[in-house]
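K.L.:
Order-wise, the sequence lines are chains Z and A. Take 1 as the starting number for the first sequence in the numbering used here and just add one per residue. Take 1 as the starting number for the second sequence in the numbering used here and just add one per residue.
Since the hints were made in silico from the structure, they are not lab data. Where hints are given, some of them may not hold.
Stretches of chain A that chain Z covers, calculated by requiring three or more beta carbons in the stretch to come under 8 Å of a beta carbon on chain Z [to be verified]:
(1) 104-118
(2) 249-259
Cβ pair distances, simulated, as ranges [claimed, not checked]:
(3) A:Arg188 to Z:Trp217: 46 to 56 Å
(4) A:Arg9 to Z:Leu134: 34 to 44 Å
(5) A:Arg9 to Z:Trp41: 18 to 28 Å
(6) Z:Trp41 to A:Asp69: 47 to 57 Å
(7) Z:Leu134 to A:Leu12: 37 to 47 Å
(8) Z:Pro398 to A:Gly20: 43 to 53 Å
(9) Z:Leu291 to A:Leu12: 42 to 52 Å
(10) Z:Val154 to A:Arg188: 49 to 59 Å
(11) Z:Ala222 to A:Arg9: 25 to 35 Å
(12) Z:Gly32 to A:Pro6: 19 to 29 Å
(13) A:Asp69 to Z:Ala33: 57 to 67 Å
(14) Z:Val199 to A:Asp127: 50 to 60 Å
(15) A:Leu12 to Z:Val28: 20 to 30 Å
(16) Z:Leu291 to A:Arg9: 41 to 51 Å
In silico negatives: residues of chain A with every beta carbon more than 12 Å from chain Z [said to hold, decoys possible]:
(17) Thr67
(18) Ser145
(19) Ala152
(20) Asn242
All residues carry an ideal CB built from backbone N, CA and C; glycine is no exception.
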Amino acid sequence: MTTVETGRAAPAGPRTARRSPAGPLLAVLWAGAAGSVALWWTGTGSVVGAAGWLTGAGRIAGLLCGYACAVLVGLMARVPLLEARVGSDRVARWHAMAGRYTICLLLAHVAFVLAGYAAQDRASLWHETVTVVLHYPDMLKATAGTVMLVAVGVTSARAARRRTSYEFWYYVHLLTYAAVFLAFFHQLALGDQFNGRPVATALWYALYLGVAALVVWFRILAPVRLNRRHRLRVDSVHQEAPGVYSVVVRGRHLDELGARPGQFFRWRFLGEGLRWTSTPYSLSAPPRPDLLRITVKALGDHSAAVPLLRPGTRVWAEGPYGSLTADRATSHRSLLIAAGVGITPLRALFETLPGEVTLLYRARGAEDLALGGELEAIARWRGARVLYALNGPRGQRPEITAESLRAAFPDLAGHDVYICGPHGFAQDVYRALRAARVPDRRIHHESFEL
Amino acid sequence: MRKSHPIRRVVLATAATVSGVVLLLSLKPASDPAAAAAAGAAPQPGAAARPSPQGGQRGGAAAGTVTGDAAQTQYGAVQVRLTVANGKITGAEAVQAPKGGVSDQKTALAVPRLNQEAVAAGNADIDAVSGATYTSTGYKKSLQSALDKIKASSPGSGGETGAGSGSSGGSGSSGDSGAARARTVTGRTAQTQYGPVQVRITVSGGRITRAEAVQAPEGGVSGQKTTLAVPRLNQEAVAAGNADIDAVSGATYTSTGYKKSLQSALDQAGG
Numbered sequence: 001m002t003t004v005e006t007g008r009a010a011p012a013g014p015r016t017a018r019r020s021p022a023g024p025l026l027a028v029l030w031a032g033a034a035g036s037v038a039l040w041w042t043g044t045g046s047v048v049g050a051a052g053w054l055t056g057a058g059r060i061a062g063l064l065c066g067y068a069c070a071v072l073v074g075l076m077a078r079v080p081l082l083e084a085r086v087g088s089d090r091v092a093r094w095h096a097m098a099g100r101y102t103i104c105l106l107l108a109h110v111a112f113v114l115a116g117y118a119a120q121d122r123a124s125l126w127h128e129t130v131t132v133v134l135h136y137p138d139m140l141k142a143t144a145g146t147v148m149l150v151a152v153g154v155t156s157a158r159a160a161r162r163r164t165s166y167e168f169w170y171y172v173h174l175l176t177y178a179a180v181f182l183a184f185f186h187q188l189a190l191g192d193q194f195n196g197r198p199v200a201t202a203l204w205y206a207l208y209l210g211v212a213a214l215v216v217w218f219r220i221l222a223p224v225r226l227n228r229r230h231r232l233r234v235d236s237v238h239q240e241a242p243g244v245y246s247v248v249v250r251g252r253h254l255d256e257l258g259a260r261p262g263q264f265f266r267w268r269f270l271g272e273g274l275r276w277t278s279t280p281y282s283l284s285a286p287p288r289p290d291l292l293r294i295t296v297k298a299l300g301d302h303s304a305a306v307p308l309l310r311p312g313t314r315v316w317a318e319g320p321y322g323s324l325t326a327d328r329a330t331s332h333r334s335l336l337i338a339a340g341v342g343i344t345p346l347r348a349l350f351e352t353l354p355g356e357v358t359l360l361y362r363a364r365g366a367e368d369l370a371l372g373g374e375l376e377a378i379a380r381w382r383g384a385r386v387l388y389a390l391n392g393p394r395g396q397r398p399e400i401t402a403e404s405l406r407a408a409f410p411d412l413a414g415h416d417v418y419i420c421g422p423h424g425f426a427q428d429v430y431r432a433l434r435a436a437r438v439p440d441r442r443i444h445h446e447s448f449e450l
Numbered sequence: 001m002r003k004s005h006p007i008r009r010v011v012l013a014t015a016a017t018v019s020g021v022v023l024l025l026s027l028k029p030a031s032d033p034a035a036a037a038a039a040g041a042a043p044q045p046g047a048a049a050r051p052s053p054q055g056g057q058r059g060g061a062a063a064g065t066v067t068g069d070a071a072q073t074q075y076g077a078v079q080v081r082l083t084v085a086n087g088k089i090t091g092a093e094a095v096q097a098p099k100g101g102v103s104d105q106k107t108a109l110a111v112p113r114l115n116q117e118a119v120a121a122g123n124a125d126i127d128a129v130s131g132a133t134y135t136s137t138g139y140k141k142s143l144q145s146a147l148d149k150i151k152a153s154s155p156g157s158g159g160e161t162g163a164g165s166g167s168s169g170g171s172g173s174s175g176d177s178g179a180a181r182a183r184t185v186t187g188r189t190a191q192t193q194y195g196p197v198q199v200r201i202t203v204s205g206g207r208i209t210r211a212e213a214v215q216a217p218e219g220g221v222s223g224q225k226t227t228l229a230v231p232r233l234n235q236e237a238v239a240a241g242n243a244d245i246d247a248v249s250g251a252t253y254t255s256t257g258y259k260k261s262l263q264s265a266l267d268q269a270g271g
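Extracted from the complex, chain Z is given alone in its bound form (with noise of 0.2 Å):
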């Protein structure tokens, strides 16, 4: 079948997937949400009246919520094995998830603890409240942050989302470090479960101090590490397609970095309006000990001034994230469906994964087929195919259905496939996929739709 050249493909790989650890990390996060509410139950006597009601059910959603926090910001320290193993997107989508149920506990947790407390004091609501803030310890810190937190989750929202910049959303998003911190104090002042129980408040710390120290690791020191010893700059800037441009990026030592093809760095160029925004792009090529490529299509108010890099520049990189790898493969034959400049991590792909590989290439006409030399060049090396799916003489789309992918690939359901496109795109390929039989643990696709 194939014939694998020695020293550039991957070696043939395991054939059954490496397990994804998503499933114990889903377990070991819930069980610290049940431990959260063991404080509780542990921590209370009785349950007295509407006050008690009011006030127990405030402060279960008070220890959940301050959990879910922590939870929260430990998903986005990039940690390695969230990023590469479990996947970016996942972890992602488990982020803005878990994040709107924690805003809705915060709401949950002020009404009803200040409800309960007015009822046991017999006061207005509105009384009690301004007691609660000015009089109690530590609250104005948490109020501050309780407005923040709520101010990240209105922001993030999509509706706020289609209607402000990329930026905005992301510097307001950052004050959630600051909320965070402001509202953990209040916590152990007042919460009526670590008073006077060490335990509990060692572990507590220990939540927040073990968050805390994976951000300081792996979202400052690392990178700075990583830049520090790689030193990576713009190399060339070439055009592939009308709009695409590839961008090689020369550094130091790059083998060490352990980048694997299928995956992505987040890239800040220091150049002029590029310097305050990362972005992800995938290596559209396997790494190099010297070179990284990556390809960029100019469409946003960002992307568009990749053409204009001049080489020399300094790069500033993140990475590698992404599990949209090898790793994924459970049989011998992979199908790669691209559409677009979703062509980058599967080009990548498309040269290293072991075994028989054939790609799909969507895109309008011929003239925008970015990569293909290269494509038509790997696939004779390797003695593989490519089909393209391009668009009619008068414009008309080529159907992706499960009957034409059926009938292109007579064995599709023993298949691996790898879908990177826009996200419509990917969602008719995928159902597509699946009316045709494919299992689900064999399609492997990365969205950043949350």
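Please arrange chain A on chain Z, whose structure you already have, making use of the hints.
P.N.:
Same frame as chain Z, now just chain A:
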């Protein structure tokens, strides 16, 4: 990539959370075992020394309670009960007061203040509580009627207690009386996680007329909590007359210590 069902997810998450929390809350005992035991075991300090108003064996010098007529107001009846010892008002409480909604809040606001004023003034010439005019007026009416009853029942000491003789109504003159004069009892020190709490009460005529904390947690957060909780606990102790008082939210440990020490003081006063 699997199809997501946002609505279903929201409904499920909400239902699971709410039912989980309700389940947890309902599994906890609905009454505070410690407080219930304290209330049940408490030898009500007033109980032994609280004969019916006219049945005082030692006439005017004995402690007794007198209940005034109920005074109707727009929002409900107000009825005042006075504790009289040695011809002086040592305690005042409202056995009836407007209830429900805003009235609850106003009652909560006004009655403790009116009680305090009544004891301090020794007559019905007390200030209305702003925002609770009707309750105040009803209170003064019922208070006056109670004072009238006292006057009628103990002619001997009537001049001293008389509704109009304000100048002798101060608390200073009670010191020279006999058995029923005010005495101060200090409870045992109750240890809490944050420091000792010790309560001193003044008992007069079998009723607590004053409560104060001679020791309470100090420093930092504990100091803030003490400032927050102790005045409220003092007020509650006087109002309740026993150790069955509500804990102040956010200061549970101080409250528990306070109740313990208060109970011990009551035990001493009762015994």
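K.L.:
Against each hint, give a clear statement of whether it holds in the structure.
P.N.:
Verification of the hints:
Residues of the stretch 104-118 of chain A with a Cβ under 8 Å from some Cβ of chain Z number 3, which satisfies the need for three, so the listed coverage holds. Coverage of a stretch by a chain is defined here by at least three residues with a beta carbon nearer than 8 Å to that chain's beta carbons; for the stretch 249-259 of chain A and chain Z the count is 4, and the condition holds. Separated by about 52 Å at the C-beta atoms, Arg188 (chain A) and Trp217 (chain Z) satisfy the suggested range of 46 to 56 Å. Distance hint check for Arg9 (chain A) and Leu134 (chain Z): the Cβ-Cβ separation is about 38 Å, which falls inside the suggested range of 34 to 44 Å.
Taking 18 to 28 Å as the suggested C-beta distance range, the pair Arg9 (chain A) and Trp41 (chain Z) conforms, at roughly 26 Å. Between Trp41 (chain Z) and Asp69 (chain A) the beta carbons are some 51 Å apart, a value that agrees with the proposed interval 47 to 57 Å. For the hinted restraint 37 to 47 Å between Leu134 (chain Z) and Leu12 (chain A), the CB-CB distance of approximately 39 Å keeps it satisfied. Evaluation of the 43 to 53 Å hint for Pro398 (chain Z) and Gly20 (chain A) yields a pass: the beta carbon distance comes to about 50 Å.
For Leu291 (chain Z) and Leu12 (chain A), the Cβ-Cβ distance of about 49 Å falls inside the hinted range of 42 to 52 Å, so the restraint holds. Taken as a hint, the range 49 to 59 Å holds for the pair Val154 (chain Z) and Arg188 (chain A), whose Cβ atoms sit roughly 53 Å apart. In this structure the supplied range 25 to 35 Å holds for Ala222 (chain Z) paired with Arg9 (chain A), their Cβ-Cβ distance being about 34 Å. The given range of 19 to 29 Å is respected by Gly32 (chain Z) and Pro6 (chain A), whose C-beta atoms sit roughly 25 Å from each other.
In this structure the supplied range 57 to 67 Å holds for Asp69 (chain A) paired with Ala33 (chain Z), their Cβ-Cβ distance being about 59 Å. Look at Val199 (chain Z) against Asp127 (chain A): about 53 Å separates their beta carbons, and that is inside 50 to 60 Å. Distance hint for Leu12 (chain A) and Val28 (chain Z): a CB-CB separation of about 22 Å, consistent with the stated range 20 to 30 Å. Between Leu291 (chain Z) and Arg9 (chain A) the beta carbon distance is about 44 Å. The supplied range of 41 to 51 Å therefore holds.
The claim that Thr67 (chain A) lies off the interface holds: its Cβ sits roughly 24 Å from the closest Cβ of chain Z, which is beyond the 12 Å cut-off. For Ser145 (chain A), the shortest C-beta to C-beta distance to chain Z comes to about 27 Å, beyond the 12 Å cut-off, and the non-interface label holds. Consistency note on Ala152 (chain A): stated as away from chain Z, and its beta-carbon is indeed over 12 Å from all of that chain's, at 36 Å minimum. Non-interface call for Asn242 (chain A) relative to chain Z: holds, since the shortest CB-CB distance, roughly 17 Å, exceeds 12 Å.
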